Amino acid sequence: MIQKDLPEVLRDFNPLEDKVLRVIDNDGHVVNKKMMPSLDDETIIDAYKKMLYERVADEMAISYQRQGRMYTYTPNLGQEAIHIAAGLNIREQDWLVPAFREMGVLLAKGVTMKEMFLFYLGNEHGGSFKNANNTLPIAISIGTQFHHATGIGYSIKQQKKNEAVYTFIGDGGTSEGDFSESLNFAGVWQVPVIFTIQNNQYAISVPVESQTKSINLAVKSVAFGIPGIKVDGNDFFAMYLAYKLAAEHALSGKGPVLIEAFTYRLGAHTTSDDPSKYRKKEEEEEWALVDPLLRLEKYMRSNNIWNLDVEALREEYKKEIDAQFVDAEKNKAYPIDDIFNYMYSDMPQELLRQKAEYEQFLSWKENKK
Amino acid sequence: MIQKDLPEVLRDFNPLEDKVLRVIDNDGHVVNKKMMPSLDDETIIDAYKKMLYERVADEMAISYQRQGRMYTYTPNLGQEAIHIAAGLNIREQDWLVPAFREMGVLLAKGVTMKEMFLFYLGNEHGGSFKNANNTLPIAISIGTQFHHATGIGYSIKQQKKNEAVYTFIGDGGTSEGDFSESLNFAGVWQVPVIFTIQNNQYAISVPVESQTKSINLAVKSVAFGIPGIKVDGNDFFAMYLAYKLAAEHALSGKGPVLIEAFTYRLGAHTTSDDPSKYRKKEEEEEWALVDPLLRLEKYMRSNNIWNLDVEALREEYKKEIDAQFVDAEKNKAYPIDDIFNYMYSDMPQELLRQKAEYEQFLSWKENKK
Amino acid sequence: MTMVKAINNALDIKLNEDKSIVVYGEDVGVEGGVFRVTEGLQKKYGVERVFDSPLAESGIVGTALGMAVSGLRPIVELQFDGFTYPAFNQIASNVSRMQNRSRGKFTVPMVIRFPYGGGVNALEHHSDSPESLFAHLPGLKVVVPSTPYDAKGMLISAIESEDPIIFMEPKRIYRAIKQEVSEEKFTLPLSKAKIVKEGSDVTVVAFGAMVRECQKAIEIANEAGISVELIDLRSIYPIDRETVGRSIRKTGRLVAVAEAHESFSIGSELVTIANEEAFLSLESPPRRVMGYDTVVPLAQGEKYYIISPERIFYEIEKSFRY
Amino acid sequence: MTMVKAINNALDIKLNEDKSIVVYGEDVGVEGGVFRVTEGLQKKYGVERVFDSPLAESGIVGTALGMAVSGLRPIVELQFDGFTYPAFNQIASNVSRMQNRSRGKFTVPMVIRFPYGGGVNALEHHSDSPESLFAHLPGLKVVVPSTPYDAKGMLISAIESEDPIIFMEPKRIYRAIKQEVSEEKFTLPLSKAKIVKEGSDVTVVAFGAMVRECQKAIEIANEAGISVELIDLRSIYPIDRETVGRSIRKTGRLVAVAEAHESFSIGSELVTIANEEAFLSLESPPRRVMGYDTVVPLAQGEKYYIISPERIFYEIEKSFRY
Ligand SMILES: Cc1ncc(C[n+]2csc(CCOP(=O)(O)OP(=O)(O)O)c2C)c(N)n1
Ligand SMILES: Cc1ncc(C[n+]2csc(CCOP(=O)(O)OP(=O)(O)O)c2C)c(N)n1
Ligand SMILES: [Mg+2]
Ligand SMILES: [Mg+2]
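Respectively, the protein sequence lines represent chains D, V, S and E.
Here my numbering is used: the first residue of the first sequence is 12, the next is one more, and so on.
Here my numbering is used: the first residue of the second sequence is 12, the next is one more, and so on.
Here my numbering is used: the first residue of the third sequence is 6, the next is one more, and so on.
Here my numbering is used: the first residue of the fourth sequence is 6, the next is one more, and so on.
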């Protein structure tokens with residue numbers, strides 16, 4: 012009954028019945044022909060390569076962190092199908108309001124690995140995503156970003172622009188008040204926002220079963236009168252279709268959509284986290300078998316469009332990514348102005364005074380030597 | 012499908028289909044025999060009298076405010092069936108976590124009109140509800156009380172007590188993050204809490220249609236995996252049944268229930284509010300016809316248990332209530348200690364110092380005369 | 006005009022002038038706000054620009070931030086001081102920080118307005134003075150007018166600022182002071198204090214509804230032969246330390262008056278500024294005259310909490326005679 | 006023991022002693038907390054008493070209040086300083102006020118623990134020092150230990166208090182300081198400052214991770230022939246003004262060191278107390294040495310923000326030579 016607002020083709024996937032949109036199965040076989048998005052081979056190959064790139068970038072980042080060359084890092088391992096599917100749909104003029112585990116979508120908006128590294132090296136300039144159009148910085152205070160997305164949706168609607176907003180949250184994030192508030196605002200305002208819950212089944216150590224008793228997360232849409240759909244988040248085609256239809260829905264003025272992308276966090280929460288404290292190796296191994304890259308590869312192989320030399324690609328990406336890291340690592344300059352200059356457009360005297368005092372201290376220190 | 016957790020007899024009333032639990036119609040005729048709670052005549056007469064008492068108390072309070080003898084007051088007009096039905100079910104040991112528009116339930120817990128008046132005369136002692144067992148003060152910061160109720164529910168469950176919690180919120184309050192968060196916690200913890208939304212269709216001037224796009228408010232329960240039911244809030248019998256079954260459900264360890272009591276705020280939001288600014292006289296008149304007192308009276312008349320002289324009762328209540336008001340009004344004593352003494356169990360030096368300074372000022376002032 | 010009218014007038018002027026402005030909050034549309042500050046604006050500018058939001062302060066502020074980074078200039082109303090707290094996380098974690106976080110890629114031109122302060126016999130949560138909480142958060146400017154004229158000019162400046170502004174309105178004098186205020190557009194600087202009255206013996210610093218109480222206290226002081234300089238702070242963050250410092254260097258004495266709880270407050274900040282700017286001139290201990298560290302009492306007890314002209318005079322005299 | 010171990014030990018002792026105590030928050034159960042402070046407790050006391058909650062700080066604090074008025078004594082963990090803000094409304098509107106609102110019918114025996122402060126190369130929102138925000142709210146007590154010993158004794162006292170306690174843990178020294186601490190139960194007063202080192206020229210007041218930095222600064226000062234008295238505040242609200250005042254009356258000088266933004270802060274409060282308690286003894290302007298009014302920078306910029314022993318010494322010397 013809420014689902015009547017969904018694009019027709021999705022209506023069979025009622026989260027109230029815990030239905031899941033799926034196009035290929037774990038072996039890469041198409042299980043739902045009707046829903047297979049029509050993508051040409053190049054696009055599929057390109058998608059695989061982008062997923063691989065994100066994977067390699069993650070692996071590299073983890074190793075830099077292990078080498079002590081970078082601070083705590085948040086990997087995306089296992090969630091790449093979601094990101095690349097969103098990334099292929101999001102347009103230059105669309106808005107991206109990220110949480111903190113959507114690197115592939117950021118890359119699609121034009122963020123570079125150098126910027127990502129700079130951010131994780133502790134430099135705010137990395138996190139500003141200067142050249143990524145209509146892209147907000149990473150949101151760390153969980154849930155708050157959903158309100159920003161809804162507000163941007165209001166701007167778009169009020170100014171009659173041809174834009175949509177993509178925003179993301181984790182399964183744990185659905186417990187925050189802001190999650191519910193913002194979906195409710197979005198429903199009332201009927202704004203063009205595509206809300207994605209990346210349900211990777213854990214919030215750090217807490218399994219989603221301890222997070223909520225709702226039958227799934229897509230069903231939460233019912234509370235706010237907006238359409239919701241649960242999608243197999245490790246199925247690139249299902250995710251692609253979901254975003255394509257959600258974008259059409261949003262852009263045609265029909266309001267927001269909530270997508271639950273059901274997936275699994277293959278890695279640790281961050282490089283400071285040790286999942287063996289709270290989950291079984293077997294579980295991880297089981298999910299490794301349905302790795303989104305593996306699944307897409309299987310599909311491509313059985314459809315004879317697999318022509319990739321993954322090892323060669325990996326080497327190529329590694330080199331390219333390492334060059335970006337080294338470039339970021341070189342950037343050790345952090346002028347003291349960077350602390351003060353961006354707090355305000357019109358900097359108050361009070362900050363100028365504080366800076367001047369600090370500079371006095373610095374010159375005293377200099378003189379002591 | 013969520014509704015499977017509801018008491019069997021309520022399962023036909025699925026909020027997903029926007030069904031409403033109703034026992035008598037607007038003319039007081041029983042429309043659902045099966046659901047008619049078995050109440051003896053005295054109980055029904057007693058319920059009517061309690062509703063009338065709350066009604067008269069409201070009218071008196073409004074007139075005291077108009078006479079300038081009391082500050083802003085929040086009337087309950089039109090919502091009495093909900094309050095008296097809850098009040099007849101809530102037990103000495105059960106907890107009441109009120110919002111600010113449930114006077115009838117407070118009275119059932121042992122709060123007196125004198126206390127209510129004292130509170131609205133601006134004295135905190137009125138709002139402490141000293142003699143009402145397990146009753147929290149009025150909650151003004153909307154939504155916050157739902158968390159308190161859930162926490163109390165946890166205490167009860169953890170300590171295996173035979174207690175339930177009754178808590179209330181308005182339709183507007185369902186938009187606050189705390190509303191959603193607390194239902195989610197309650198679902199995960201499976202606590203014995205009966206959450207009531209008094210949907211009186213307005214949040215001050217804002218109609219419920221501008222508050223949310225969900226098909227009704229009971230359906231919000233689906234997002235948190237707890238049973239929910241929409242009840243005709245002007246139908247005393249329906250409300251009674253709903254509370255009876257919800258209490259059984261909660262007390263048998265089956266977890267929380269969300270009740271939407273669909274009603275109408277017959278009066279102003281508060282005595283400072285003027286509803287003619289935002290709603291039509293005709294709408295008010297229409298709803299006046301389905302006044303819960305009128306409906307119960309019609310039922311009683313057609314079932315030959317109407318033996319009340321309402322005018323006499325009104326006079327009796329007026330006198331009794333006025334005596335309580337006058338008593339409250341007399342209480343002008345407000346020792347300065349009242350400001351400081353209740354902030355802490357173990358009062359910090361800092362407060363003692365502040366009080367001493369103020370007393371120095373007072374004695375200076377005294378000396379000046 | 007009253008302050009209510011002046012604020013309404015400022016909103017009207019800016020809504021008319023700048024299509025990117027939107028005004029929303031609880032009951033600000035049809036109802037025109039519980040204090041009637043936004044009266045008539047929805048009718049004039051339509052429901053797309055002046056509207057009621059769902060009842061959720063975090064949502065109101067959080068969505069406004071989204072609007073502010075995407076081409077609109079939202080002005081949101083929070084219904085009372087005590088209901089700013091549900092929005093605290095959005096304010097502290099995002100509104101105040103988005104510009105810094107994005108290294109200036111996004112500015113946050115938005116205004117958060119709300120009535121604050123005591124003295125109106127209100128229920129709990131309707132009498133708070135939370136200025137010190139917001140002033141401690143980096144990235145915000147916090148201002149409070151004390152007259153209809155200032156309210157209008159400062160609000161227009163706030164709306165035109167690229168930085169997020171917390172605009173606190175002293176509800177106690179919403180309608181208590183009438184003043185000739187031009188219907189034309191004018192602006193006032195956001196971070197300048199105003200010397201309300203010059204004097205030589207004691208500096209009194211206040212803002213909002215307390216300015217008027219200080220004026221009454223000064224009359225008593227005059228009779229007692231004490232010459233008071235009264236400064237209306239207007240900006241809580243940043244504090245105009247030049248004006249405040251200069252005055253204290255002249256008088257050697259500070260009495261800082263505000264309604265909030267005294268600990269960790271604007272009063273403490275002013276005492277600190279007195280030390281930083283005028284240490285060698287101080288002739289008596291700079292002094293806070295403020296509310297206690299207690300909940301603001303309900304109507305019957307508020308007389309003890311609220312700061313009377315007499316009490317201000319008492320402190321002025323003590324400072325003077327020290 | 007490290008401070009992490011000492012806090013764990015305090016929780017263990019109290020959980021064992023008092024069945025009404027529950028411990029919960031994000032990842033405190035199986036995981037034992039992101040800093041391992043609650044490690045092993047769920048195993049020992051069961052999931053009914055030590056457990057993970059859904060991810061919602063307002064919910065964690067709001068439900069704890071419900072528990073506290075109904076017979077339990079909850080100890081909740083908020084994962085980081087910057088994630089206390091979503092709980093701000095529950096803290097400001099209810100936790101701090103329920104006892105007053107109910108005229109003592111209900112007390113609120115609960116502890117809100119969280120790691121705070123900078124110096125650990127963290128992401129945004131993981132380095133804040135929000136003590137001044139909580140200290141301005143009437144009805145709370147705010148404490149910060151600086152050693153494992155204090156952490157244990159103060160936490161046990163906090164748990165036993167009938168009043169709600171904000172218990173801030175300096176994450177930077179969670180494991181940096183080891184100390185002999187008895188495994189037995191002991192308590193420490195919650196509102197007493199500690200004189201860490203006596204001295205006669207300058208009073209330095211600090212708390213949490215800054216105490217250790219001040220100790221380093223004092224070594225430099227010693228060499229320069231300046232005798233510093235170091236006070237570890239331990240209680241932020243209320244401040245032990247007796248101890249602080251007595252020291253400043255002796256030395257005539259105050260340097261207040263803290264990590265938070267300097268405006269409207271604990272530093273301002275200490276300067277004010279110096280004026281109120283020791284005005285006639287002051288020989289130089291009491292001084293705040295604190296963070297700027299900026300977001301705490303990420304790792305690369307944090308060196309500018311963080312307060313070094315050198316900078317503290319610089320201020321001590323300036324104060325001394327004034
Ligand atoms: C408001 C807030 N509270 C707590 C945290 C600390 N924290 C960071 S990530 C995380 C778990 C998030 O889980 P989920 O939403 O499922 O996202 P995931 O990490 O799985 O992508 C927590 C508790 C935070 N960042 N923000
Ligand atoms: C957090 C918060 N925000 C705003 C208010 C101001 N306020 C008081 S009542 C009210 C409307 C409440 O509407 P509803 O929840 O439907 O309850 P009703 O008044 O209809 O019983 C508002 C906005 C408040 N008390 N608390
Ligand atoms: Mg997750
Ligand atoms: Mg209502």
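Any given hint could be a false lead.
Calculated pairs, DSS-like style, for lysine-lysine (alpha carbon to alpha carbon, straight line, at most 30 Å) [unchecked claim]:
hint, chain 1, residue 1, chain 2, residue 2
1, E, Lys24, V, Lys265
2, D, Lys309, D, Lys341
3, S, Lys308, E, Lys255
A partial selection of chain D residues facing chain V, derived with a Cβ cut-off under 10 Å [as the list claims (entries may be wrong)]:
hint, residue
4, Asp23
5, Leu27
6, Gly266
Just so you know, these hints were derived from the structure itself, not from any lab.
Given the structure is predicted, the values throughout are model-derived calculations rather than measurements.
Even glycine gets a Cβ: it sits at the ideal position worked out from N, Cα and C.
Each hint, compared with the structure:
1. E:Lys24 <-> V:Lys265: Holds: lysine 24 (chain E) and lysine 265 (chain V) sit about 24 Å apart, inside 30 Å.
2. D:Lys309 <-> D:Lys341: Judged against 30 Å, a Cα distance of about 40 Å means the pair is violated.
3. S:Lys308 <-> E:Lys255: Violated: lysine 308 (chain S) and lysine 255 (chain E) sit about 39 Å apart, past 30 Å.
4. Asp23: This interface hint is violated because 16 Å lies over the 10 Å limit.
5. Leu27: holds, 6 Å
6. Gly266: Given a least distance of 8 Å, the restraint on glycine 266 (chain D) holds.
Violation of the numbered hints given earlier is confined to hints 2, 3, 4; the remaining hints are satisfied by the structure.
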